[in-house]
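Construct the entire structure; sequences and hints are all you get.
Here is what each chain is made of, one letter per residue.
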Amino acid sequence: MLRIFQFLYSLRVFLLFISLEVIAIWLIVGNNSPQGAAFFNSSNAIIGSALKTQSDVTDFFSLAEANDALVSENASLMQTLRRIRTVPDSIDFQLDSLLNATYEFKSARVISNSLRFSQNHLTINKGTVDGIKVGMGVFNHEGIVGRVKTVSKNYSVAISLLNTGLLVSSKMKSNDVFGSVNWDGKNSKQAKMLYVPRHVNAKVGDTIITSGFNAVFPEGIKVGIISSVSQGKDPNYLDILLDLSTDFSQVSYIYLVENTQSEELDSLYIKSELTNEF
Amino acid sequence: MSFKSLVTFIVLGLIQILLLKNLALFGIAFCFLYLISILNFPTAIPTIPLLLISFILGLTIDVFYETIGIHALSATFLAFLRPFWLKALSPSGGYDDTSNPTIAEMGIGWYISYAWPLVFCFCLLFFSADQWGTGRFLNALNKSFFSSTFTVLLAIIVQLIFFKRRRDI
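As they're listed, the protein sequences go chains F and G.
Going by this note's numbering, the first residue of the first sequence is number -12, and it counts up by one from there.
Going by this note's numbering, the first residue of the second sequence is number 28, and it counts up by one from there.
No lab work stands behind these hints, which were simulated from the structure alone.
Check before you lean on any hint, since a few could be wrong.
Examples of chain G residues lying across from chain F (beta carbon under 7 Å, computed) [as the list claims (entries may be wrong)]:
(1) THR74
(2) ILE75
(3) PRO76
(4) LEU78
(5) ILE80
(6) PHE82
(7) ILE95
(8) LEU100
Beyond 12 Å from chain F on every Cβ pair, some chain G residues (computed) [stated by the list, open to error]:
(9) LEU33
(10) VAL34
(11) LEU60
(12) LEU79
(13) ASN166
(14) ASN169
(15) THR176
(16) LEU180
(17) LEU181
Quick caveat: nothing in here was measured; it's all calculated off a predicted structure.
No residue lacks a Cβ here, since even glycine has one placed at the ideal position from N, Cα and C.
Here you go:
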């Protein structure tokens, strides 16, 4: 008996090696079956948090790419959403023309921006190569930003809403009264809504959204919130001041929107000898 | 095991988990830098503690790699082979009790002939276990060759840069 133990003792290293390898193989096999070794994997809280910290760090370096991807995905989603949301009235329309996508969305990044002038412009990192056209509307997740003015091959320049030359057709959300939003060149956080008749009951705190009349922006993009209403000098119109919803000092990722039927609309206006005042 | 080598041990493990886990040159050359800490234990260390340490280290790495058991299997195998290989490579006078099988003490040529075959065995077992049942042994051989070369290369670089040459005696 003693000799057996002595023999085993002399083999102890090999026996330990074999037993450890058997444990390892048992773990490998057990882990490959669905129920096996559930404890030793990354769903474990400590290991999970370690891996999450690691991916947090590594993800940080790909943040810019991720953002780009998200923005372009958003643009395509918006297009789909708008197609779905166009709900017909109770009148029996031909659905095929109604459900056509009227607006096309693109995404881009602002590479330079100004706030301090009265004619402010944005430079966008996409141009004709990416399908950007003159006259496209520019907005971001906060609200309206501007309108494309000139396009080069790879870049384009947009007139910012903070430009005294840009009028945006908009309306009050609560009562659908429309007017034009224009920046007065004073404060980069505020703009004015023009051409709202005096009899209109405009309330402070009401949201201003785009009206969809000018065929640049689809209806319902946020412009701002009314901060003050007063009877101004003009005998016909109210003096409405609004806080812009877009923070122009932080505009970086933007969407561009194109009305695919704007040519048809324009030719219709010309035919009927109207000027689209919006 | 001194405090310094314990720190090295932990740092190498962390580097393996956090950085090298996602690294694979051309999709075939993986790096198992944590093997340095097994390879560089003093020559006089008894085999049983070495086996246990390797097994636990391998299991720890496994948990993060989501390959439960495979690293443990291969690392234990490496630790088992190490004493035999050390004996085969022993210089004419034998090893000192305090000597370490590192570049600083034994030189680059000896270190390559010591580390590369061991790491290759590790890799061969690792990739065979990894691809078990797929019947792509040639692929495992290919990966093992490049991975072990890459690992030893990086191990040499790391030692030359970070491990100070011992100046006493």
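Hint-by-hint comparison with the structure:
Interface hint at THR74/G: satisfied, since its Cβ lies 5 Å from the closest Cβ of chain F, which is below the 7 Å cut-off. The beta carbon of ILE75/G is positioned within 7 Å of a beta carbon in chain F (closest approach about 6 Å), and the interface hint is therefore held. Checking PRO76/G against chain F by beta carbon gives a least distance of about 10 Å; that is not within 7 Å, so the hint is violated. A hinted interface residue such as LEU78/G counts as satisfied when its beta carbon comes closer than 7 Å to some beta carbon of chain F; here the least separation is about 5 Å, so the hint holds.
This hint is violated: ILE80/G has a C-beta 11 Å from the nearest C-beta of chain F, more than the 7 Å allowed. For PHE82/G, the interface hint holds, since its Cβ comes within 7 Å of a Cβ in chain F; the closest pair sits about 5 Å apart. Annotation: ILE95/G was flagged as interfacial toward chain F, and the flag holds, the nearest CB pair being 4 Å apart, inside 7 Å. For LEU100/G, the shortest C-beta to C-beta distance to chain F is roughly 4 Å, which falls under 7 Å, so the interface hint holds.
Its beta-carbon lying about 19 Å from the closest one in chain F, LEU33/G satisfies the requirement of being farther than 12 Å from that chain. For VAL34/G, the shortest C-beta to C-beta distance to chain F comes to about 19 Å, beyond the 12 Å cut-off, and the non-interface label holds. Chain F leaves LEU60/G outside its interface by the beta-carbon criterion, the shortest separation being 16 Å against a cut-off of 12 Å. A Cβ of chain F approaches the Cβ of LEU79/G within 12 Å, the least distance being about 8 Å, so the stated non-interface status is violated.
With 12 Å as the threshold on Cβ separation, the claim that ASN166/G sits away from chain F holds: the shortest Cβ distance comes to roughly 19 Å. Taking the minimum C-beta to C-beta distance to chain F, about 22 Å, the non-interface status of ASN169/G holds against the 12 Å cut. At roughly 25 Å, the least C-beta separation between THR176/G and chain F is larger than 12 Å, which holds for a residue marked as non-interface. With a minimum CB-CB distance of about 24 Å to chain F, LEU180/G clears the 12 Å threshold, and the non-interface call stands.
With a least CB separation of 20 Å from chain F, LEU181/G remains clear of the 12 Å interface cut-off, as annotated.
Hints 3, 5, 12, counting from the list given before, are not met by this structure.
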